[in-house]
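> Given next are the chains, with one letter for each unit.
There are 2 protein chains.
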Amino acid sequence: MSHPRDRVCPHGHCYWSLGRGFQETGSLCFSVPPSISCRNLAMVNEARGSGSSEGSSSGSEGSKESSRCPTPVLDAERHERLREKMHRRIESGDKWFSLEFFPPRTAQGAVNLISRFDRMGAGGPLFVDVTWHPAGDPGSDKETSSMIIANTAVDYCGLETVLHMTCCHQTRDEITSHLHKAKRLGLKNIMALRGGYPKGHPEATSFEEDLQHLKEKVSAGADFIITQLFFRADTFLNFVRACAAIGITCPILPGIFPIQGYHSLRQLVKLSKLEVPQEIKDVIEPIKDNDAAIRNYGIELAVAMCQELLTSGLVHGLHFYTLNREVATVEVLKRVGLWNEDPRRPLPWAVSAHPKRRVEDVRPIFWASRPKSYIYRTQAWDEFPNGRWGNSSSPAFGELKDYYLFCLKSKSPREELLKMWGGELTSEESVFQVFTSYLSGEPNQSGYRVTCLPWNDEPLAAETSLMKEELQKVNQRGILTINSQPNINGKPSTDPIVGWGPSGGYVFQKAYLEFFTSSETVAALLQVLKKYELRVNYHIVNVKGENITNAPDLQPNAVTWGIFPGREIIQPTVVDPVSFMFWKDEAFALWIEQWGKLYEEESPSRMIIQYIHDNYHLVNLVDNEFPLDNCLWQVLEDTFELLSRPAPP
Amino acid sequence: MSHPRDRVCPHGHCYWSLGRGFQETGSLCFSVPPSISCRNLAMVNEARGSGSSEGSSSGSEGSKESSRCPTPVLDAERHERLREKMHRRIESGDKWFSLEFFPPRTAQGAVNLISRFDRMGAGGPLFVDVTWHPAGDPGSDKETSSMIIANTAVDYCGLETVLHMTCCHQTRDEITSHLHKAKRLGLKNIMALRGGYPKGHPEATSFEEDLQHLKEKVSAGADFIITQLFFRADTFLNFVRACAAIGITCPILPGIFPIQGYHSLRQLVKLSKLEVPQEIKDVIEPIKDNDAAIRNYGIELAVAMCQELLTSGLVHGLHFYTLNREVATVEVLKRVGLWNEDPRRPLPWAVSAHPKRRVEDVRPIFWASRPKSYIYRTQAWDEFPNGRWGNSSSPAFGELKDYYLFCLKSKSPREELLKMWGGELTSEESVFQVFTSYLSGEPNQSGYRVTCLPWNDEPLAAETSLMKEELQKVNQRGILTINSQPNINGKPSTDPIVGWGPSGGYVFQKAYLEFFTSSETVAALLQVLKKYELRVNYHIVNVKGENITNAPDLQPNAVTWGIFPGREIIQPTVVDPVSFMFWKDEAFALWIEQWGKLYEEESPSRMIIQYIHDNYHLVNLVDNEFPLDNCLWQVLEDTFELLSRPAPP
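Going down the list, the sequences are from chains A and B. Everything in the first sequence is counted per my numbering, starting at 5 for the first residue and increasing by one. Everything in the second sequence is counted per my numbering, starting at 5 for the first residue and increasing by one.
There may be inaccurate statements among the hints.
[Stated by the list, open to error] These stretches of chain A come out as covered by chain B in the derived footprint (C-beta under 8 Å, 3 or more residues):
(1) 386 to 394
(2) 558 to 572
[As the list claims (entries may be wrong)] Simulated crosslink set (DSS-like; lysine-lysine; CA at most 25 Å straight-line):
(3) B:Lys-601 <-> B:Lys-415
(4) A:Lys-338 <-> A:Lys-423
(5) B:Lys-495 <-> A:Lys-535
(6) A:Lys-495 <-> B:Lys-415
FYI, nobody ran anything at the bench for these hints, they're computed from the structure. Even for Gly, the Cβ is constructed at its ideal location relative to N, Cα and C.
My request is simple: use the sequences and hints to build the entire structure.
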């Protein structure tokens with residue numbers, strides 16, 4: 005898999021200014037690798053123009069900014085470029101880690117990788133990077149392309165993301181076009197390849213000449229360097245000292261490769277032309293068929309090397325070649341103390357890292373469990389709500405045509421879903437039971453745990469568990485809850501369950517409950533709600549869009565907010581009557597798309613789901629009296645009581 | 005004072021479309037009065053185009069609105085046009101009143117009228133109107149012109165305002181130019197004169213012909229009618245019935261004229277050519293030199309007539325010809341139960357009614373006692389903060405060059421100020437004493453009450469009184485407070501002292517204190533503040549702009565906010581580090597402009613004020629821990645304690 009030398013830059017590096025779109029924000033530096041696994045050279049932050057915000061540059065993502073445009077800085081990191089984040093970490097002595105992934109080969113591989121991004125993202129990497137895979141049509145719109153995987157990481161998983169890019173087999177025009185596309189997809193960081201071998205590039209004339217090339221590339225605008233993998237800490241430390249000696253001052257990140265198996269090591273060594281030290285070969289050869297043993301050895305080796313690097317004083321962050329696997333890397337990170345067990349949430353919902361969503365800090369509560377769907381449906385927006393949702397009389401929610409879009413797809417295959425939700429449904433009550441099992445965590449009648457529902461692809465949120473008992477009780481009786489939050493009257497922003505935002509603040513919530521229920525229950529509920537007219541706001545809608553509400557003037561109702569030292573109020577979640585009408589389409593469709601379609605057409609199971617879809621109502625309730633006890637359970641209790649009364653003669 | 009018939013509209017009414025600027029929002033109807041005191045005819049809401057918001061029309065005040073632009077509706081009335089407000093009141097059966105004023109003759113008269121607007125505005129008029137005074141250059145920029153007085157009422161006093169306009173002696177171009185100017189000044193309601201005599205116009209051929217003219221004018225687009233004054237309720241009620249009979253359906257407001265004196269009545273009767281009924285003459289003639297007796301009689305008469313009108317079922321609101329006097333009108337309003345003793349505040353600060361400020365709901369706290377100065381200094385803004393103040397790196401505050409601008413001028417003349425603030429100052433302590441007297445309400449050493457300070461033209465706010473004792477204590481020791489608020493952890497929005505916004509909500513505040521103090525005190529304070537680093541945000545600045553702060557990233561700190569049923573969060577007041585630098589120029593200048601300049605140059609008193617101006621610091625403190633006891637008093641206590649310690653050897 006070695007490639008001919010590039011057509012653009014015969015000297016191993018090149019530097020030029022791109023056309024208008026980029027000219028104003030700086031220039032880019034590329035280097036060509038001898039192979040796809042060759043080591044990266046230099047990292048350039050595309051938007052380098054000082055003073056001019058990215059938003060003001062030309063192109064479709066430019067947002068209109070006036071001097072009076074609000075720019076909150078709830079979470080400073082959200083507004084900084086990667087190189088600024090890095091410098092702040094270096095200054096504060098706060099060590100970081102980053103994770104490297106390669107694009108998957110199959111669509112199912114993409115689904116799995118996205119869910120790995122979510123899990124490994126929870127540990128708090130400073131960034132992830134996605135390699136450029138010439139054989140995988142890396143700049144295309146395929147769900148397996150480098151471009152789309154990196155876009156998904158930044159946009160849907162909220163990860164600061166670096167896209168690799170190589171110039172080999174590409175013309176300048178092709179590269180420019182890739183860069184424009186990357187920018188549009190929110191990818192502001194480009195890892196321009198090749199070079200960075202801490203012992204000198206295998207093809208270099210000399211180590212000194214290699215270093216000089218590196219220095220030229222850094223002078224041309226690189227923000228930091230990541231090295232190729234190495235097997236001894238000294239290799240890296242000597243390289244850093246040699247770089248410093250010739251005046252390379254930008255951060256240099258060591259590339260850490262935890263050995264995870266005999267074959268992957270052999271393949272990598274072949275591609276990178278690196279020598280594995282004899283003492284490592286001596287350990288590995290005898291256990292080459294025992295994957296677990298090799299992995300454990302690899303972990304020990306990596307931990308020891310990381311510790312040596314971190315205590316050297318020359319290393320501020322570690323970059324991991326994950327090979328798209330989790331166990332070894334997470335274990336090493338935990339053992340060296342860099343894995344963040346309890347990451348602080350900047351907002352109650354999962355933020356996107358797409359630069360054009362940088363100021364976004366308000367969302368309707370409806371998509372709380374489907375943040376990727378929300379991001380997908382709002383991707384065409386030029387501006388995102390900031391500080392206030394507003395009376396958006398026509399928010400342009402994109403249609404969710406494809407419920408099987410890889411980034412939104414359920415992680416569970418059909419067989420698993422059938423086990424959870426029932427191979428055969430016999431009545432509406434058997435559907436109630438699925439909801440109840442999801443909430444209780446107890447196995448269903450067939451002995452399987454229900455770990456997801458069409459509206460919730462993840463197990464119950466910790467916050468929801470606070471109301472687990474009440475929720476189970478009402479689900480058993482046909483109040484099929486899909487979203488809820490308890491009321492909170494000023495808990496510290498550091499609260500492990502309901503806290504979010506900077507420390508030293510207080511968070512608040514109004515109690516919220518959203519559920520499907522039958523028209524009989526709705527009729528009784530409406531009777532009961534008369535008693536709560538001033539206290540409870542409600543929206544009730546069926547699949548046809550017939551809507552009953554007491555919301556004043558279709559105004560949004562803030563249901564989550566936080567007060568922080570030295571900052572403006574943040575109200576990240578609202579119940580917006582207008583968006584609710586878009587959400588209801590999605591919420592009703594999920595019955596059919598994700599559940600009904602598991603069964604044969606015309607089958608009784610399918611017809612039960614179809615009946616619910618056609619006849620139930622989607623209801624949301626907000627208790628505005630956040631300082632008092634949540635009255636919504638009483639509202640439902642009263643409703644059940646009313647339903648149980650004998651019908652008048 | 006009778007004028008020749010107008011040059012534009014020989015038939016007593018006219019109707020045309022104006023040029024581009026107005027075309028899209030409708031047309032205007034004018035009628036020409038025989039004299040300035042003739043009665044108004046028809047009222048046209050200039051912005052009549054359905055759907056198109058005023059903001060989107062051409063002209064300098066057009067604000068850019070996208071579908072995602074936040075438009076809060078905290079206070080529905082703020083967003084409605086006058087005719088909509090009127091219709092809502094009629095539908096709800098909620099009776100209103102309105103007040104008519106004429107432009108003053110002198111600059112001091114203008115100052116007095118503005119302060120009358122503030123006092124009478126507190127009673128809750130649905131609108132005020134300002135007559136068009138041909139002899140007073142009514143469309144000019146003079147402080148006594150109809151145009152400027154009406155602009156001041158709408159913009160600075162926050163009153164829904166109607167500007168009278170007559171066509172006599174004016175060309176169509178002149179009128180068009182006046183209308184454009186009115187629009188720019190925020191005056192969207194025009195009272196187009198003449199007509200409306202409930203017994204028929206003195207110059208009309210017949211009552212029937214007069215009514216036909218009126219009908220044509222209403223058909224041409226008038227929103228409502230106000231009648232000329234009358235002396236018997238039946239006169240008005242018959243007129244309303246006659247109007248209804250020929251199909252005039254818009255609201256008709258009775259013009260109420262409480263008789264306030266013999267001469268004013270005589271003059272008015274002469275101008276309007278009305279007959280005073282014999283029974284009234286019989287009472288008045290014998291007491292014609294007893295003003296108080298006539299006024300009391302006038303009040304009795306007006307109250308009886310108003311009650312008859314209100315109980316008729318044909319009257320929804322009363323319009324008062326105040327003659328720019330307060331006592332009689334307020335007394336009548338109180339006795340018929342229309343005067344609002346405790347008006348609800350839509351926001352903690354006095355809102356402007358200028359249409360372009362309709363969405364404004366955030367302001368820096370600094371101008372809390374000088375809202376007119378804030379409005380003046382921000383009048384050039386195209387957009388106003390809504391929902392969030394934002395990181396406005398350069399808010400363009402207009403210069404406050406003229407401290408004697410009529411609408412900002414102190415209501416007290418120099419002699420009075422000298423009595424309050426001291427004819428002769430002997431030391432900084434004598435200044436401390438002025439501040440202390442202002443707070444205590446006790447007379448100063450010369451026996452005068454201090455009812456204002458350069459930074460506070462009004463007596464102490466009720467809210468400030470909550471902290472009166474602590475404030476007095478620190479002012480005595482040279483912490484010269486000019487702004488403060490207590491912390492509030494969720495009081496009902498209907499709280500009579502700290503409440504604001506719609507009912508059913510909760511309001512919150514962070515404790516705030518702003519004061520001038522010496523550099524010695526500042527040095528000690530900074531020592532003490534180290535202990536409170538995470539809890540207290542501070543900004544300390546001297547007249548030269550040397551600035552010390554611990555605000556993160558120059559972000560604004562929300563210090564007042566409210567949570568309401570079915571609405572987004574409102575945070576009306578922030579401590580904004582950037583605006584503070586503009587405010588400090590104003591706050592320091594007020595020492596010299598309003599206080600120092602009372603004394604001769606080089607006089608000891610002047611030099612004491614100059615010394616304070618040159619050497620003191622302006623400090624603001626926010627206690628972020630709003631749920632706990634206010635720590636700011638402890639901070640100052642600690643500071644005094646530190647200052648009282650013997651200096652280290």
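> Give a verdict on every hint.
Checked hints:
{"no.": "1", "hint": "386 to 394", "in the structure": "holds (count 9)"}
{"no.": "2", "hint": "558 to 572", "in the structure": "holds (count 11)"}
{"no.": "3", "hint": "B:Lys-601 <-> B:Lys-415", "in the structure": "16 Å, holds"}
{"no.": "4", "hint": "A:Lys-338 <-> A:Lys-423", "in the structure": "35 Å, violated"}
{"no.": "5", "hint": "B:Lys-495 <-> A:Lys-535", "in the structure": "24 Å, holds"}
{"no.": "6", "hint": "A:Lys-495 <-> B:Lys-415", "in the structure": "47 Å, violated"}
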